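Here the UniProt record's numbering is used: the first residue of the sequence shown is 1, the next is one more, and so on.
Because the hints were derived from the structure by calculation, they are not lab data. Quick caveat, the model's predicted, so the values are computed rather than measured. We put the beta carbon where it would ideally sit given N, CA and C, even for glycine. Any given hint could be a false lead.
Said to hold, decoys possible - Here are the simulated distance ranges between beta carbons:
#	residue 1	residue 2	range
1	GLU194	SER51	30 to 40 Å
2	VAL163	ASP46	20 to 30 Å
3	LYS207	ASP539	39 to 49 Å
4	LYS207	ALA523	43 to 53 Å
5	GLY481	SER534	49 to 59 Å
As the list claims (entries may be wrong) - 20 Å max Cα-Cα, derived PhoX-like pairs, lysine-lysine:
#	residue 1	residue 2
6	LYS134	LYS145
7	LYS145	LYS207
8	LYS222	LYS207
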Amino acid sequence: MTAPNRNALWARTFADELARTGIDAVCIAPGSRSTPLTEAFDRHDDIETFSHLDERSAAYFALGRARRTGEVTPILCTSGTAAANFHPAVIEASQARVPMLVLTADRPPELRDSGANQTVDQEKLYGDAVRWYKDMPEPEATDRKLRSLRTTAGRAISEATGVDAGPVHLNFPFRKPLEPTYVEGDVPADLDPEALDGRSGSRPYVKTTAGAPELSEDHLRKLADDLAVDRGLIVAGPADPPGFNAEAVAAFAHATGFPVAADPLSGLRFGGHTRTTTVLGGYDAYLDERVTADWPDPEVVVRIGASPTSKALRKYLARTDARQYLVDPTGRWREAEFGATDLVEAEPSVLAWRLSQLIRNRPDEGWNARWTDAEDAYWSFVDDETDAFEGRLAADVADLAPEPSTLFVSNSMPVRDLDRFARPSTKSRTVLGNRGASGIDGIVSSALGAGSAATDHLTLLTGDLAYYHDMNGLLALGRLGVDATIVLVNNDGGGIFHMLPIEEYEPPFTDQFKTPHGLDFAATEDLYDLSFASVDPDDFPDAYAESVATDGTDVIEVRTDAEDSHRVRERIAERARERLSD
1 MTAPNRNALW ARTFADELAR TGIDAVCIAP GSRSTPLTEA FDRHDDIETF
51 SHLDERSAAY FALGRARRTG EVTPILCTSG TAAANFHPAV IEASQARVPM
101 LVLTADRPPE LRDSGANQTV DQEKLYGDAV RWYKDMPEPE ATDRKLRSLR
151 TTAGRAISEA TGVDAGPVHL NFPFRKPLEP TYVEGDVPAD LDPEALDGRS
201 GSRPYVKTTA GAPELSEDHL RKLADDLAVD RGLIVAGPAD PPGFNAEAVA
251 AFAHATGFPV AADPLSGLRF GGHTRTTTVL GGYDAYLDER VTADWPDPEV
301 VVRIGASPTS KALRKYLART DARQYLVDPT GRWREAEFGA TDLVEAEPSV
351 LAWRLSQLIR NRPDEGWNAR WTDAEDAYWS FVDDETDAFE GRLAADVADL
401 APEPSTLFVS NSMPVRDLDR FARPSTKSRT VLGNRGASGI DGIVSSALGA
451 GSAATDHLTL LTGDLAYYHD MNGLLALGRL GVDATIVLVN NDGGGIFHML
501 PIEEYEPPFT DQFKTPHGLD FAATEDLYDL SFASVDPDDF PDAYAESVAT
551 DGTDVIEVRT DAEDSHRVRE RIAERARERL SD
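Using the sequences plus the hints, can you model the full thing?
Here it is, written out as structure tokens:
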């Protein structure tokens with residue numbers, strides 16, 4: 001490897017080692033202090049660069065790619081507030097266990113705490129949201145420092161993608177010259193070839209062999225004995241990247257005879273396994289105390305993934321007397337109702353597969369019938385509803401998307417509508433969302449990042465406030481060549497607040513909570529490389545089908561009334577509860 005100065009050598013060595021670990025793309029927000037790393041990534045033949053003008057959008061774009069692939073797309077920015085703009089995505093990645101590598105450039109040590117321009121305290125900037133932090137040494141062209149640099153690159157990727165996946169932050173101080181300008185004597189001619197050029201055969205300098213936590217044989221058999229019961233339930237919450245093995249979970253469901261309550265973000269609500277596995281999707285409506293009052297409690301509940309989107313499901317689990325096994329590969333607690341009785345430290349898919357070899361329950365037909373009858377009754381009421389409402393749009397997207405599809409769904413009402421109204425099916429869907437911290441920022445960028453990492457058709461289902469929050473992210477359409485169908489549910493404000501008791505208080509409900517904005521989003525057609533159309537709810541299926549069949553990005557805006565939609569949700573749920581409680 002050749003380099004005109006120590007900064008360039010340092011950055012090129014680091015980029016080379018990342019490529020050796022398998023990194024093939026990086027998101028870069030332009031800036032001066034990060035020039036050595038930007039130049040190194042840009043010149044590397046095996047690394048694709050995604051250039052973003054907005055640091056927050058860049059970070060969420062990388063987050064979306066990692067959600068889709070389970071692999072790291074590093075993010076790079078200059079010093080100062082640029083690094084602070086990464087913080088929301090870092091928090092989401094930490095909470096949702098999404099692998100991320102944050103690279104921030106910094107001023108040299110003597111300028112810190114000096115009042116120098118664009119200099120802020122970047123040491124441990126993201127606090128305990130990162131799995132590992134390192135303040136990198138100043139670039140130096142010595143054998144030991146270059147070996148250390150390559151080792152750090154390998155360690156960073158290993159920490160970011162380990163069992164407890166999440167963000168890693170490396171802070172790089174650089175002093176001028178930042179450009180690849182020749183500096184006499186900066187790079188010695190007698191450097192060790194292995195430190196300079198890396199291991200032979202394009203091998204990484206340090207290779208980490210990752211493992212998944214498993215139970216011992218004795219503990220496994222004890223758990224299998226505990227699960228040999230008549231009435232059980234599997235609850236699959238939002239999955240951590242890269243997701244659950246659907247075949248393993250289905251095999252476990254068959255062996256136990258337990259139905260699966262599958263969150264739309266679990267990766268288990270859609271797919272071929274639903275042909276032979278009892279997968280539940282309507283539970284948010286019928287898991288009401290009036291309905292379940294005469295149901296026997298499950299004897300055991302096995303929970304995988306993060307906390308379910310459905311509040312009704314969470315409350316049902318809290319009021320049962322079941323023994324609840326919370327399966328988590330990191331041994332961390334993700335159950336805010338505190339109803340779980342056992343924490344099982346194991347990789348869920350591996351555990352499910354191993355248990356399926358040991359358990360042979362006889363299904364309790366009466367127990368399973370309660371769930372399937374409730375499902376059938378609920379979906380019949382959904383089918384009978386003739387009024388157009390926001391939940392119907394979510395159901396249409398899940399039903400009409402081509403196969404295979406990546407569907408990214410925003411927080412607030414869209415993910416709840418998908419949970420309530422997207423019926424389990426055999427169709428091939430990869431459904432993603434940012435449920436770690438459940439914010440509405442960065443949704444557009446996360447979706448486009450996910451779309452950039454796959455050849456599937458990409459659909460983003462979002463509300464108007466989330467669309468507004470991340471309109472900067474739309475710049476990726478033209479700059480980075482990502483196409484999508486964006487379904488924009490525009491109810492002019494925060495529709496989710498109609499679910500809260502504050503709805504009854506006017507004022508301050510409208511001005512301080514729903515906050516209607518009156519924005520005309522059609523202007524985004526001229527600002528970004530997209531086509532914009534506003535359609536009536538009844539015309540949405542045809543507009544969506546046309547968008548899917550054509551190239552380019554289409555925004556299909558559907559104007560709705562948040563209060564009317566909420567009343568329809570309540571009506572469907574109430575009908576189902578009345579029917580089932582009788």
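Exercise. Which numbered conditions among the earlier hints are violated in the structure presented, ordered from lowest to highest?
Worked result: 3, 5 and 8
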